[in-house]
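For reference, the chains in residue letters:
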Amino acid sequence: MIEWIATILMVVGTAFILVSSIGLARLPDFYTRMHGPTKAATLGVGFILGAASLHFTAATDHFSIRELLAIAFIFITAPVGAHMLAKAGRAKGLPFDKNTTIEK
Amino acid sequence: MIGLIWIILLPMLAAMVAPLWPKRWRNAPGWWATAVSASVVALLASFGPSIHKGEPVRFSLPWPAPEFGVQLALGADGWGWGFALVVAGIGTLICLYAVHYLSDKEPRGRFFAYLLLFEGAMLGVVLSSNLLFLVVFWELTSVASFLLIGFWHQQERARYGAYKALLITGIGGLGLLAGVVMLYLAMGTFDLYELIARADEVQAHPWFVPILVLILLGVFTKSAQFPFHFWLPDAMTAPTPVSAYLHSATMVKAGVFLLGRIHPIFRGREEWFWIVTTVGMATMLLGAYAAVRKTDLKALLAYSTISQLGLITMLYGFGTHTAALAATFHIFNHAAFKAGLFLVVGIVDHETGTRDKRRLGGLAKAMPITMVICGACALASAGVPLLNGFLSKELFYTEMVEVGTRGWVWMIWPALAIGGSIFTFVYSMEVFHGVFFGQLRMHDTHQEHAPHKPHDPGWGMLVPAGLLATVCVLVGLWPGVLEGWLLKPAVWAVWQQVFDFHVVIWHGFTTPLILSILTMVAGVVLYLQRHRLGQVQERFAWSFTAHTIYDGALNGLIGSTDWLTNKLQNGRLRQYLWWAAATLVAAMLYAAAPVLGTILPSQFTTISGWETVLLLLLIAAAVGVVWRNGERLSAVITVGSVGLLISGLYLVMSAPDLALTQLLVESVTIILFLFVLWRLPQEAPKSSPRRHRASDAVLSIAFGGLICLLVLGVSASKQLWALPEYFTQTSLPEAGGRNIVNVILVDFRGFDTLGEITVLGIAALGAFALLRLRNGKERDR
Amino acid sequence: MLGHLMINVFLALLWCLLVEEFSGKQFLLGYLVGAGLMFVLRRLLGETCYFHKLKVLVKLIGVFVYDLVVANLQVALLICRPRLRIRPALFHLPLELESDAAITTLANMISLTPGTLTVDVTPDRRCLVIHALDVADLEDTKRSIKERFERPLRELEQ
Amino acid sequence: MNAHLPVLPIVWPLATAVLLLFCRGRVGLQRVISLVSLLGLIVAEVLFLQRMLTGEIAVYKLGAWPAPFGIVLMADRLSAVMLLLASVTALAAIWYAFGDQSLGEARERHHFHPLMQFILMGVNGAFLTGDIFNLFVWYEVMLLSSYCLITLGGGARQLRAGIPYLAVNLFGSTIFLSAVGLLYGVTGSLNMAHLSLITPGLEGTAAAVMQATGLMLMVVFGIKAAVFPLYFWLPDGYPAPPAAISAFFGGVATKVGVYSMIRVGTLVFGGQTALLGEVLMAVGALSMLIGVWGAVCQTEIRRLLSFHVVSQIGYLVFALGLFTEAGLAAAVFYMLHYTIVKCSLFLIAGVMERISGQNNLKKMGGLMETAPVLATLFFIGGLSLAGLPPWSGFFAKFVVIVAGFQERQYLYTFVAVVTGFFTLFSMMKIWHLAFWGEKKGPHERPWRLGYLSVLLLVSFSVTLAVWFKPVNNFARQAAAQLLDTQAYVRAVLGEGATATTLPAANKEAR
Amino acid sequence: MELLMALAVGTLFGTGLYLCLRRRTFQLVLGMVLLSHGANLLILNMGRIRRGLPPLVTDGVTEYTDPLVQALILTAIVIGFGVTAFLLVLSMRSYQENGDDSVNIEQEEQPH
Amino acid sequence: MTQTVANYCLVVVAFSMILCFWRLWRGPSIADRALALDTLAVNLVSVIALMSILFGTTAYFDALLVIAVIGFLGTVAVGKYLLKGDIID
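Chains as they are written, first to last, in the numbering used here: chain A, 443 to 546; chain B, 7 to 787; chain C, 169 to 326; chain D, -9 to 500; chain E, 881 to 992; chain F, 107 to 195.
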């Protein structure tokens, strides 16, 4: 049972990661590219880690919190990093995609 | 006999003391040196009786390396003893002379230290019967002469002369060393007497010719034989006593002395005969001819010395009884009269302030005693009867005549000999008659040197010269004494056999006597016509001399080496690394070449897709770094990715600890990179020229490829032995750790870790010092 | 408010540390213990009705997670479409929050929910600069953000 | 105590260094400490040498782990004497440093003394270790401290010169590491004695890889020892730091490379030395000539001496390349002579620079009048280097030449002789440019006590000459010992060890 | 697997050398970093390829990868780090003192 | 069963890593590269997680945590560098 959940989580997470990378590769300008990794990837990793922790809890019925810590950590840090980079990009005046609507 | 060693040690030890005399007693070193030399003479004299009886005095000490046959072995047979006597005797006179010759400003202590050092070394040369020790002392004499020639080192010419002398004799010395070593390896001994005893073995040995050539190289350089003669005239920049002592009486004789010593070993071989005689003859003629041209009296004497040495060499070349006798005899005679002449020239220089024969003349009235002394010596060298020079000249002619009778072609020898002697007569006359007779010419611009009207010097300078002159006369009148005590033992020792001979002044109207008379007549005529002779010589003067060759060679050497060095040592890191890498590639290629075909492992471990991707990405990233190395920040980021991938790889290869460490190190490195990057020039570096990049690329690819092949080769081959089992088994039970890697680090190979930590610490220290210290000063914060 | 949450979580972790077992049970236990502790010491902490706010907080988190998943799917669709048809926008979101902690949290939440990304905070700290991946109507987007995240946060704040 | 003597030369300097770090900033104290500890170390090493004279091979198993599993230190005659040499040289350098303005208090305050101790530690480790990876570690310790010392004080020129020095040596270290790795990959062991058992058994690919590894290692050691195509970093690097430092480098650093060549060449690759010998001899001859030619045209004194380092190393490598007992003995003797003389010459050069305030010979001159004692010392040292009698150099060259002739290597031996001549040439160039001639500028009085270190070294050189017989015997014995690899195997692995099995006795070592 | 591994090692060495041969200290450091990576990876290959068997003694498991190799690499990594750090600082200081970041001894024609 | 799935997932993640690397290569701006690096790190984390499932060992989790930290640090460092230049302030 748990195995099933783990597997599903794993697949979903992988999917998210894939999506984020595609986004990173495909999207037109820096700011749009930011979107993929900062969340899709984060979520994906979250899922996969969850899967791992579940898996090992099932395997050795001893629930280790390290994965959870990792998840928490990633969830906290990812946006900060993204924020930092975005700020940097803006400071460096990286161009926006042409059909971006910029509100004053 | 133990006394023998003291003959050498005494002067050397005294030399160390000489500079220590207090400055106030300015003459102390001089007297000290004189006393020491005198006592050496006495010591030598004490061996006289046994020598006379024909039994040599031996002394040997198993030091420093008998197993190499290298041991201090001294032997005073007639030859060595006689020569030693000359060395010490003339040494004494020279010291006495020098005391009065040197001005007060000179550092006398140093001078006499050098002089004594030389004396000791020279005595060593003549007394040691172990060839290697002979070489050792031989080199020492070169060194001492270097120091003495350069005594007035403020003068450029003195330095030049000293340097030249050392280099030429140095080459010779090395040659001699090589020859002697080969002789040792061929014969298994350095012992002179044993070698003489086994002469035929030596001559039979395949190495004979190289040995001969090398040893002769030493001899000829030392005795200023053509074509190595040119250092001697430059050596005349030394103080006159030195010239008299080293460069006419003793040191330059070391060469011919050695000839005398070893010619029993080599005698009789064609090579020996031709090389030695021709070189000797050439030297004799050249020296005599050049001597006449010289206007500086010392230079004149220098060339005359060269020619006389040539004569002696030639005689040894013939290797007959008479020749040996003549040579030996002439060595002693020449030592006497030539040293005397030098001292006289020294006096003249001292009194009048010039040595230029064109500026001198008619000094006879001014300084009669000097004139008399000079007369004795000069005539002796000219070969005038009733003087010692005449006797040896006679013997020389006898030998020549003997050679001449061998056939028409051989007549060339006497002819040339006479020619040489005529010139000898001429320059001797110039020294004597030219300087002391004719109208009084005394150079005027040098007045300050000779404020007073020139007159005979103090006894201190006269006595030595006088004594030498007296010797010339006495030997000339009663040769028997010398013959009995010096000559016979010497010649017999040289020949290692006893044969009878008599040196007499008158033995009827023989060809030699006629030749001598002929020589003298021709000499007088030529001397009277000397101005015309001069013009002739000027016409045939050639500008291309040995000196030019020497200077050219020297400059050439400096220039070429400079060029080469700048090519290699051009301060460009690229070249340095390139060479290193190229060498490495060559080495690896050489080693790996034979197995290149079979280097692939038979079967591979299976690889799953994602691992492939990981590895490919790694490769791509590495290439990417090169690609992006222009844009520095990107390069840093790419390197970061490399690090990430590698740590991933570590995990794949099941090495979590490695991955951890790698990551930590990586991140710190990156941060350091960024920290430094901000302080480095921002703009992209201009790339190196295309051909550089091309060759580098080729090299790098070859390098990487070879490494890759080697790695494959390893995975193809099986380990003969494996440590891991031991570690896996013992780590828990014996070292009590579950993490085997950690156990190895802290326990099995704890020492590595110690070193590793030390390295980190050192790096920290160094970086700290680098940041704090600027140009050896602390940076003010 | 958030400070307290942090304290509580910290206490929980501390508990795990003390019992030397990083497991969910212990964490939960520790959390409760910590809560109790804080309840006892609430005077000292100078804070009221933490536990009421806890409810709000839980609700907020729920909303957040929901958005996270849903929006992620949207973005996924957006990205994976064979032909990209996106309408990015950069806009300012006026703030009513005061405390830094709150603003940071909001910013992070916005960043984490797909489609929107906090680029910057205006120097006067009255506006967030937000970049959105695909907006049909700016005002709509802004309102939804304020509705779903900022209000609960403001509640938690005072 | 006696049992732990082998590890002392490594641990003692480390302890001293740490102690020195604790009292940083107090130069006086540091000086005292480093002096005292060095003296103590020297005493210990003399005792050790005495013990080694019996021909024993001292083995020290760290942590008492049986070989080849743990790290093993092993010492024989050669290593013992090298240890002593290193310490003596260091002593001379440090003592000289006290009065050397060019070094200056600031440098001393910034860890000059600890760094010297560290480098000594590294050098000693390299001399002692019997484990090839451990050798790498000690090399790193040595090199890193040498990097620090080279750049210590951070003058513009120093830093510039430091970079190529670093780069080339770093490259070398990487290769070293890889070579060790490959070695392990092929043989599965790191212990030198053990390797000497395994290597002959290899065939096919493994043998080829092995040979490649051997050559790689030789290249690495060649880089450290600065032989012909790999020496370029040296003449730029060594003159840069203050005299005291370059003296220690010139004396010891390069010898470590040669020592490793001897050690690894004889022990690990004892099997296939034929090719190695050929290569080494050729390389040696080239180094002699190129090095000395480089020296001939220099006018910057310490740069000139640095070039001589290269040419002298050539002699060593040539003698080593003979791989006969005589050759090795010659190499050992030469190493003794030349370590001392070179160090003393560097120190003298330092004094000369100090007196005349110049480092260019053309601008010196008249030093003979200012410093006659120094002149005498230089004269002895210089002639000794040039191989003129009666000093150690003459005998050193003598043994080398004899060994060369015995092996019928006429060409190379001839080169050796000629090199001697060129050496004389350049030494006398120094003499007559710097010591003779008119003064070319104001001369200041040197720190007379600094002469003591030079005196010490020069007297050593003279001693070598006077006691040539015993020293040479020692060298021969050392050489014989080096060639008897079985002895090492017995000492390290125990009686009856083979490539695949270890004696039980060894297993129970713990 | 071996093939690609070896290839990776080779690439790291090659690229590292190439970068070391360039003329800026910065590139030199990059090269050195790559080289040391390469060396470490090479050693890793020496203990043959075993996946999923980390050398942590766990009951019931008898197969582990070669732990010695890992120990060696660990030492190497740390040493390499120390050297790299020093080299970085040195290059910085050299630039500050000499006004250019060339790796050569003599001053550049036009300093950067 | 989980293992096999994990294997496939790994392939997928590897593919996405390729994409990241492509971005890293293309740039165009430094920020893009930094972003790519960050993503690469995140992907690596998931790779490790999957790997540990695949090999059934928990030994790798520490590494995993560290990578998470490092990725973040790296991003921050570069970001700071881009913003201020000097990263030590």
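There's no promise every hint is true.
Restraint-style ranges between C-beta atoms, simulated for each label pair [said to hold, decoys possible]:
| # | chain 1 | residue 1 | chain 2 | residue 2 | range |
| --- | --- | --- | --- | --- | --- |
| 1 | E | VAL941 | B | ALA700 | 45 to 55 Å |
| 2 | B | LEU539 | D | SER449 | 57 to 67 Å |
| 3 | B | VAL215 | D | THR289 | 32 to 42 Å |
| 4 | B | GLY194 | D | LEU19 | 54 to 64 Å |
| 5 | D | VAL363 | B | VAL504 | 35 to 45 Å |
| 6 | D | THR366 | B | ILE511 | 49 to 59 Å |
FYI, nobody ran anything at the bench for these hints, they're computed from the structure.
Values in this document were obtained by computation on a predicted structure and should not be read as measured data.
Beta carbons: idealized from backbone N, C-alpha and C, even for Gly.
Right, here's what the structure says about each hint:
no.: 1; hint: E:VAL941 - B:ALA700: 45 to 55 Å; verdict: 52 Å, holds
no.: 2; hint: B:LEU539 - D:SER449: 57 to 67 Å; verdict: 59 Å, holds
no.: 3; hint: B:VAL215 - D:THR289: 32 to 42 Å; verdict: 41 Å, holds
no.: 4; hint: B:GLY194 - D:LEU19: 54 to 64 Å; verdict: 60 Å, holds
no.: 5; hint: D:VAL363 - B:VAL504: 35 to 45 Å; verdict: 53 Å, violated
no.: 6; hint: D:THR366 - B:ILE511: 49 to 59 Å; verdict: 52 Å, holds
Of the numbered hints listed earlier, the single one contradicted by the structure is hint 5.
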